[in-house]
Amino acid sequence: EDQVTQSPEALRLQEGESSSLNCSYTVSGLRGLFWYRQDPGKGPEFLFTLYSAGEEKEKERLKATLTKKESFLHITAPKPEDSATYLCAVHWREAGSYQLTFGKGTKLSVIP
Amino acid sequence: NAGVTQTPKFRVLKTGQSMTLLCAQDMNHEYMYWYRQDPGMGLRLIHYSVGEGTTAKGEVPDGYNVSRLKKQNFLLGLESAAPSQTSVYFCASSYRSFGGSYEQYFGPGTRLTVT
Numbered sequence: 001e002d003q004v005t006q007s008p009e010a011l012r013l014q015e016g017e018s019s020s021l022n023c024s025y026t027v028s029g030l031r032g033l034f035w036y037r038q039d040p041g042k043g044p045e046f047l048f049t050l051y052s053a054g055e056e057k058e059k060e061r062l063k064a065t066l067t068k069k070e071s072f073l074h075i076t077a078p079k080p081e082d083s084a085t086y087l088c089a090v091h092w093r094e095a096g097s098y099q100l101t102f103g104k105g106t107k108l109s110v111i112p
Numbered sequence: 001n002a003g004v005t006q007t008p009k010f011r012v013l014k015t016g017q018s019m020t021l022l023c024a025q026d027m028n029h030e031y032m033y034w035y036r037q038d039p040g041m042g043l044r045l046i047h048y049s050v051g052e053g054t055t056a057k058g059e060v061p062d063g064y065n066v067s068r069l070k071k072q073n074f075l076l077g078l079e080s081a082a083p084s085q086t087s088v089y090f091c092a093s094s095y096r097s098f099g100g101s102y103e104q105y106f107g108p109g110t111r112l113t114v115t
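Sequence lines, in order, name chains Y and D.
At the far end of the first sequence sits residue 112, using my numbering, and the numbering has no gaps.
At the far end of the second sequence sits residue 115, using my numbering, and the numbering has no gaps.
Don't read these hints as lab results, they were simulated from the structure.
Here the structure is a predicted model, which means the values were calculated and not measured.
Honestly, I wouldn't trust all of these hints.
As the list claims (entries may be wrong) - Each computed SDA-like pair below joins lysine to any residue, with the alpha-carbon atoms no more than 25 Å apart:
#	chain 1	residue 1	chain 2	residue 2
1	Y	K107	D	V88
2	Y	K107	D	Y105
3	Y	K42	D	L13
4	D	K57	Y	K107
5	Y	K104	D	A56
6	Y	K104	D	D26
7	D	K9	Y	T85
8	Y	K57	D	Y105
9	Y	K59	D	Y105
10	Y	K42	D	Y95
11	Y	K42	D	D26
12	Y	K42	D	P108
13	Y	K104	D	V88
14	Y	K69	D	V88
15	Y	K57	D	E103
16	Y	K104	D	K9
17	Y	K107	D	D26
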């Protein structure tokens, strides 16, 4: 069972059609949850860090939220330039060692 | 600030050949990481370093070696390349990770093909 699961795998939206991406995790001892954006042929670009349930962060059309077992990346009125793969990563602690696990990503396509 | 840079951007190797990937960062970060990214697999940690002169194994270290002789540089070596090592390799750096929780900054990647 994957420790970090992102859904859906792919999402097609019309320009202006708001939606949410999900990142759920099964690990305990969360230290932080990160969201990244990755454009084709490029490295991931940092977006947000969330540390505790109830926390929210916003940047332009993106808003990230965190609950005890999942995080959502809300995209409001997306534009074609928001098309990218969105990755989440969970920083957690197990038996005294620290781990960082990435999800497989959600590929977002915004159609004009 | 260049951030994190990687050399080379592309490389094709024959099975059994060796090569070194170079990562450099100008943000004075203590921690540096090497990942590989394969379709449908997500990013997987190969090796990481918590400071100059130190390295540690990640999730998929077999077939790779690393060195961190200078704080700003992190080298990834393949001693005898195999087709299974065909992948995109990303280097990243951060202020701190395994003791706190700081975001990582990634390089542009190296696309490696082993034939």
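Next on the checklist: Run through the hints listed earlier and report the numbers of any the structure violates, in increasing order.
Outcome noted: 4, 6, 14 and 17
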